[in-house]
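Undergrad: Letter 9 of the sequence shown, counting from 1, is numbered 17 in my numbering, and no numbers are missing.
Since the hints were derived computationally from the structure, they do not count as laboratory data.
Mixed in with the good hints there might be a few duds.
[Stated by the list, open to error] Result set (BS3-like, lysine-lysine): computed pairs, CA atoms no more than 30 Å apart in a straight line:
1) K88 - K68
2) K88 - K70
3) K70 - K95
4) K68 - K95
Because the structure is a prediction, the values reported are computed rather than measured.
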Amino acid sequence: MKASMLALALALFGTTAMAETTINLDVLAAESGLSVRQVGMLFGAHGAYPEFKASYVQVKRKFTQSVGQQRYEALLAAYKAQQEGRKVAAAVARQAASGS
9 MKASMLALAL
19 ALFGTTAMAE
29 TTINLDVLAA
39 ESGLSVRQVG
49 MLFGAHGAYP
59 EFKASYVQVK
69 RKFTQSVGQQ
79 RYEALLAAYK
89 AQQEGRKVAA
99 AVARQAASGS
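Work out the full structure: start from the sequences and follow the hints.
TA: So this is what it looks like as structure tokens:
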């Protein structure tokens with residue numbers, strides 16, 4: 009009985025710790041000074057961008073300088089989860105939004 013109640017409590021707690029978050033590339037582009045296409049290259053499928061080999065390193069450097077390395081990693085994780093249809097933990101969503 010206690011085990012089933014504990015499992016139920018953990019399941020309910022886990023549900024409330026999830027958040028629906030959407031990463032908007034337009035907002036990130038405006039914030040970082042890059043184009044939406046450049047931000048899309050960082051977060052999306054690299055093969056769709058012919059300029060990938062020539063400019064990825066410079067674009068990533070500029071983006072991480074403007075938003076910070078930790079926030080970049082949190083945004084990337086949240087964006088990949090969003091693309092896969094998974095929910096993102098609230099802590100990751102907050103870190104991606106604020107950079108803290």
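Undergrad: Which numbered hints does this structure break?
TA: none
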